[in-house]
Structure formats: structure tokens, C-alpha cells
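Trainee: Residue numbers (my numbering), protein chains in the order written: chain A, 866 to 1184; chain B, 5 to 331.
Straight line, CA to CA, 20 Å or less: simulated EDC-like cross-link-like pairs of lysine to aspartate or glutamate:
no. : chain 1 : residue 1 : chain 2 : residue 2
1   : B       : 98        : B       : 82
2   : A       : 1131      : B       : 204
3   : A       : 1124      : B       : 219
4   : B       : 98        : B       : 7
5   : B       : 274       : A       : 1072
6   : A       : 1124      : B       : 228
7   : A       : 1131      : B       : 144
8   : B       : 274       : A       : 1060
9   : B       : 13        : B       : 312
10  : A       : 876       : A       : 936
11  : B       : 274       : A       : 1120
12  : A       : 873       : A       : 1163
13  : B       : 133       : B       : 155
14  : A       : 1131      : B       : 151
15  : A       : 1124      : B       : 265
16  : A       : 876       : A       : 1163
17  : B       : 249       : A       : 1120
18  : B       : 206       : B       : 7
19  : A       : 1124      : B       : 200
20  : B       : 249       : A       : 1122
21  : B       : 22        : A       : 1012
22  : B       : 274       : A       : 1057
23  : A       : 1131      : B       : 200
24  : A       : 944       : A       : 924
25  : A       : 873       : A       : 1161
26  : A       : 1124      : B       : 204
Keep in mind that the hints were calculated from the coordinates and are not lab data.
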Amino acid sequence: MSTILEVKDLKKYFKVNAGTLHAVDGVNFKIEEGQTLGVVGESGCGKSTLGRVVLHLLDNTGGQILYRGEDITSVSREKLSQLRREMQIIFQDPFASLNPRMTVYQTIAEPMEIAGGCTKEQIQRRVSEMMDTVGLASRFVNSYPHELDGGRRQRIGIARALVLNPRFVVCDEPVSALDVSIQAQVLNLMLDIQEQMGLTYIFITHDLSVVKYISDDIMVMYLGQMVEKAPAEELFRHRYHPYTHALISAVPIPDIDHKRQRIQLKGELTSPINPRPGCRFAARCIHAAPECFAEDPEIQEVSPGHFVRCRRVRELNGL
Amino acid sequence: MAETILETKNLSIAYVTKDFGTCRAINDVSFSLKKGHTLGLVGETGAGKTTIAKGILRLLSVPQGRVTDGTVIFEGEDLYRKSERAMRSIRGRKISMIFQDPMTSLNPIDTVGDQIAEVIRLHSSISRKEAFRRAVASLEMVGIPSERAGEYPHQFSGGMKQRVVIAIALACSPDLLIADEPTTALDVTIQAQVLDMMNDLKQRLGTSMILISHDLGVVAEMCDEVAVIYAGEIVEMGSARDIFKHMAHPYTIGMFESLPDLNSASRRLKLIPGLMPDPTDLPKGCKFAPRCSHCTQACTEAAVPLTELAPGHFCRCLCPQQKEAQV
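Chain A extracted, bound-state conformation (with noise of 0.2 Å):
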């Protein structure tokens, strides 16, 4: 296995009226092709800032975006538009990220088109193709997002980032709109064809049940940084970061059964416009100490593979 991407210090700060808005903040990752990596945090954590800068859809404000050994913060804009290619996109909302003017086989036909150099008879087979492989009827072709359901609109959303056979894939919020039986449906799309085609997709979503299910690496972010990462398995076996703890714990459970041991968290998000310095999450933290508060905690490897940013992380869990 090789590694497809690998993220080094990467930073994305916005400026806003009352600073800066630090929404990706020195987050560092790879991941090996064939893999997925498993993007989980609230809403306003960063986390669909962090997909964009990885494809360079966002300027990254520092840090470098590796993508098979090549820095793509500094290639031409021919180069990149190459590269492109093997990048795409499935974004959250299938009402919102489709052309309403576009029928379904103009939609998937697009990004041909703008790649270029191939017959219409070529494009045609390949579009026919895709609404294959993603399970939508060829008596659609013709029709409009609106006379489609949220299930078969995120179905052309994926035909057509998959369209120019890319080796890698972002996904944001893939499922999120969607009922659970069209969820599962679209799950299991989505494992189907990466299997096939052996894509790597970084996903990136709120639900963790969802995220376990379908990753190999998670990563736990808050307020631009990750505070926990570690194999799918690993990470709900043992979850060191008490934020990890407060999210996992937080998730309501369909067993009427279930103890459940909620650990509140006190307050909201703080917020990520000039971030004081010290843990980010020290204020919601019922652990904090002091000197939380105080400096920056580093990243540990608490066990290989498994990082996790908190000063108290061995303390608290006796490692």
C-alpha cells in the first residue's frame, strides 16, 4: 500500500470582521490508497473546510497538501486542473448541489465534457455506465433533480464525482439528508464501488455510527484541530479524549434497555475567532486542570496509531 494523501500541518484561517477565524488549525494526517479516513465533529468544528483545502478548492494558509508525494499548494494551474481529475467531491446536500436546469444525464456528462478529448458516443456509453454502477433506472436520464427523490439525487451526485474515474474522494455529509433505509442504501453504494474501483474517500460527517461503519482511520476534530485519532475499532474500544467520551456517549441509543452514562457537556462550542491559547476544549472539559488553560497540549501516541491531544490523557486513563 502507498500513501495516496498526506496533510502536514495544515492551517485554513479566515478573516473575519471581529479577527481571525481559525477553522482548520494544524491538523496533520495520511492516508494509504484504498483506505478511509473517517472525519468526525459539530457543526463549526472545521471539519468540510478541512475536505475543501485538502482538494485546494480553499487556499490552505499553511502547512503542506501532499497528494502521491506532490505538494499541490504549489503546482501550475494546468497541473492542477490535472489533478483534479483524480480529485472529486460528493457534497451534503443533494437538494441544494445540483443545477436544477440540468438534467441527470447533463449533470453526470459534465465533467467530461469540461475534461475533454472524448466523442459524444464515448461520453454517452460512460454515463449509461455510471447510472449503472450507482443504481439509478435509465429512464431518468432525462429528468430534473426535482422530480427525484433526496436518495437518487445524492446517486447522481456520486455518479458524477466518480464520472472521471478519480483515485480519491471527498465526502461531506454523503448521507445526512437522507432517510435511514435510503442511508443504508446509499452506504452500501458507496462501499460497493469503492471496492471496484479502489477509491480512497475521506469522510467526513457528524453521525458515529455512521463513521464507524464505514471507516478504517477516524479522526475526531473540535474547533479546528484534532483531538483524537485512531483505526475505527481501536477508537471505540478505547476512546481516551474526554470529548471523544462526551460525543460517543452522547449519542442517543434505539435499545429501550440501554443505561445510558451521558457525560454532559457543560456549554457550546466556544468560540474559534482568535482562540485563546491552551486546550480548546478545557472551558467544556470536566477534567480541566490549570494548567489546561495555560499552553497548548501536544499530541501523544497513548498506543501506535493512536493519537490523542490532552495533557491529562494518561493520567485520567492510567496508561
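Starting from the structure of chain A, add chain B where the hints point.
Mentor: Relative to the frame of chain A, chain B by itself:
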């Protein structure tokens, strides 16, 4: 045995449209809710959950939405025999509703304190000052400090806005609260806070509740009874234990099986093939038959009645599965 606060009897609601014909959104829905209990209405988008809630409050958009059959009995009185004026005094005071999206259900140009006071003043003849004082008290009840009463909705985060919406709904201590997806727009940690608060308030005030949700986890935490809605019908209904531990309808079972489980390690989800039928063109027999793996000839021929499998546990299926939950 606690007394019944609300009962719907064979409630059927249709939306009549020029372009698409008659859409039978709700068909023959009967359930009853006991005082102090919480009933969960579960189902997918378009199943008709919100239409049922609007039907109870007589808030259907006219002229398209109309009740074609059945009625709603609240505290022994038929709501569909009341005048519009009488309904207005029931809405907000006796029965109130929390709408799904806290971002759009508040007035952006009024302070939150004034918005709560408005409800109180509509239902009781007290001074402006006294109403505002009570508004502040109900804000504190949902955990918002009194000094924020003079702020506008945009100054609050999503979770805080939803608390304001809940404070408005509870301002007149209603007997029945209808909560339509009250936490769907919120993050899980905030959802946990709001659910705990709602449970706590419900216990303190003795409010009965109808909770509409598509999230079975939320329903498991909050509800005493559950009705599963599919294509405008109740397909299964019973105590939370009946539904979560002894589910019998193939749709209920399919819905549980398609959930990704935090505690299992499988790499493929089971799924229900296909989609919910179009409400303007419902199948003749069982509405779920086209997606059901247990479907027989008889299922497609005539409408399937709701039968009682065990005391209080109803299922609309000719071949109920009696599946025990594997936990």
C-alpha cells in the same frame, strides 16, 4: 389506569391538488395518549408524521389539506366540532407545538423575551410587565439566563434557539406538547442537553407529549408508546417495549436492521429495497408489499387491517414476524 388525554379516531387527511390529483397523506389513523405519557411517532420523510400533528391542531393548509374522515378528541371534546375561535384558545395554552427547525420558527425582529410574553398575553389578561416577568421565568426554566431575554434570535446558537422555542411552547403550561423533530437540527452533544431538559420538564410539569422523530435512538430514550407510520398509516403500534423488543412488522424490522450499529462490526448494512410509494398512487393492498420480502398474493389484493398481536400491541400485517431483538 391513567385517563386518556388525546384520541384520534380513524383520522384521514388528504391534500387535493390541481396538478397531481388527490394525495391521501393520512389514512385511518387511530391512537390514544394517556395523561403524562409520551407517544412517539416514527417514520421516514413523507410518511405523514407532521401531517398528523397538524391535523390534531387543525393547522392544515386550507383549502388543499382536508380531513376526509375521522376526528380528534382532546380531553373528551371533539376538536373538529369547535369554532376557529375556540381552537385559537386551545392552541398554545392547552396544546402547543414545537416545530422542527428552530432557525426559522422564531421571529427575527422581536426579542426572545417579547416572543414568549406574546404567547402569555394572548392567553391570559395580565399586564405587559407581568407577562414579561413570566417570560423571563420560563427562559430560566429552560436554562437560559434572565439577562438574555432582551436579545434577538440571531444572537443565540442553534441549541439555545431550540430552548427558546421550547420555552414558548411551555409558557402557558400546556396539557399536551407536540414536538416535531425537536432535536434533529442540533448536534449530538447539544441534542443530549435538550432531551434531558425536556424529560426533566415533562416530569416536573406532568405534560403529556407526542414526539415526532425519525431517530429511533431519541424515541427509545423519550417514549412510553410508539406508533410506526408508513405511507400515511400506522403499521405497528404498542409500548416502547413491544416495538423495540418484539417488533413484528417487516417494515419496523427493516428499519432497525438498516441502522448502523455503534456496537457491531459488520461491513454491510441490511437494507429495505426500493422507496416509499407515491401517496397519489398508493398500492391497493398492503402499502409496504412492494418492498416486503414476506409479501404474499393476499397482501396485494386488499387493504390489511390492524390486528392486535398481544394486549396493546397492534400490527398491520398478514404475516407478522415476531422477531425478538438481538441484544
